[in-house]
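Protein sequences, first through last, are from chains A and B. Under numbering that gives the first Met the number 0, the first residue of the first sequence is numbered 0, with each subsequent residue one higher. Under numbering that gives the first Met the number 0, the first residue of the second sequence is numbered 0, with each subsequent residue one higher.
Treat the hints with care, as some may be off.
The calculated lysine to aspartate or glutamate pairs, modelled on EDC-like cross-linking and capped at a C-alpha distance of 16 angstroms, are [claimed, not checked]: (1) K109(A) to D3(A); (2) K68(B) to E141(A); (3) K109(A) to D52(B).
Now the stretches of chain A that chain B is said to cover, found in silico as 3 or more residues with beta-carbon under 8 angstroms [claimed, not checked]: (4) 18-30; (5) 33-45; (6) 106-112; (7) 146-160.
Hints in this document: simulated from the structure, not taken from any laboratory. Computed from a predicted model, the values in this text were never measured in an experiment. Even glycine gets a Cβ: it sits at the ideal position worked out from N, Cα and C.
What follows is the residue order along each chain.
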Amino acid sequence: MMSDEAAVAMIDALNALAVDYMIVGSVSSAFYGSPTAGLGVDFVARLTQSQVSALAERLSPRLTLEHPEESGTALRYLFRSADAGAYVELYRLSDDPYDEERFARRVRVKLFGRDTFLPTAEDVVVTKLLWYGEGPRAKHFEDARNVVLVQRDALDWDYVQRLCDRHGTRELLDKIRRSIPQVD
Amino acid sequence: MAEPTRELIDAIERDRVLAARRMSPEEKLLAGARLFDRSCRIMADGIRHQFPDADEERVQEILRERLRKIRELEGRG
Chain A
0 MMSDEAAVAM IDALNALAVD YMIVGSVSSA FYGSPTAGLG VDFVARLTQS QVSALAERLS
60 PRLTLEHPEE SGTALRYLFR SADAGAYVEL YRLSDDPYDE ERFARRVRVK LFGRDTFLPT
120 AEDVVVTKLL WYGEGPRAKH FEDARNVVLV QRDALDWDYV QRLCDRHGTR ELLDKIRRSI
180 PQVD
Chain B
0 MAEPTRELID AIERDRVLAA RRMSPEEKLL AGARLFDRSC RIMADGIRHQ FPDADEERVQ
60 EILRERLRKI RELEGRG
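With the rest of the complex left out, here is chain A (with noise of 0.2 angstroms):
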């Protein structure tokens, strides 16, 4: 099984059964413009055990849940593919409020030929750069960077500027504001 595919039976299960979600990581920011050498695909869902469980039961054997484990404020359950060539990963949503927020302003969108949902490309912006704040990966701050040249005019720009402020990262938006106009 590939990831994708392993991606479109998640969103399916998820869909079905009535779980609020999204898809975040490279994924997001490749759909808003940061083409992504990645294969993983992870989603964030407010999930109840009950539907940890259902959801297992949907999709086995196709992916297994493996056990869950603490990341950050977040718990993570893996899903791998019986013949081991995929997994996806799903985050149960923290109580973070900036969690909550950009979960709250999720948009629906049509992806891998499916109805699914992402965060706005402000909070892919939002989300890279306070990632990259926390424990710099270039990585981060070229998606937020090249989501910034491909979305530029189309972003709402107070937003986040008042997210980036909020999370002490506006220095790196601003570094990212200044190279842009350069290219064109």
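Once you have looked at the hints, place chain B on chain A.
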């Protein structure tokens, strides 16, 4: 499965790296092309969402333009 999840993910990634190392140059080229193609498909879905009236030719044109801009920016270091 008794292993913690992070360890399992690391193991899967390690298997992928080892599998990539076993690939011939031709296979590596094909794998890279597949990844790029996947990335372009996701980007094209995003363009269709943003420009619902764009026909397929226009979607591909916007995609090429976005890739060009990113290459130019990356080229500037």
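Against the structure, the hints come out as follows:
no.: 1; hint: K109(A) to D3(A); in the structure: holds, 14 angstroms
no.: 2; hint: K68(B) to E141(A); in the structure: holds, 13 angstroms
no.: 3; hint: K109(A) to D52(B); in the structure: holds, 14 angstroms
no.: 4; hint: 18-30; in the structure: holds (count 3)
no.: 5; hint: 33-45; in the structure: holds (count 5)
no.: 6; hint: 106-112; in the structure: holds (count 4)
no.: 7; hint: 146-160; in the structure: holds (count 3)
When each numbered hint is compared with the structure, no violation occurs for any of them.
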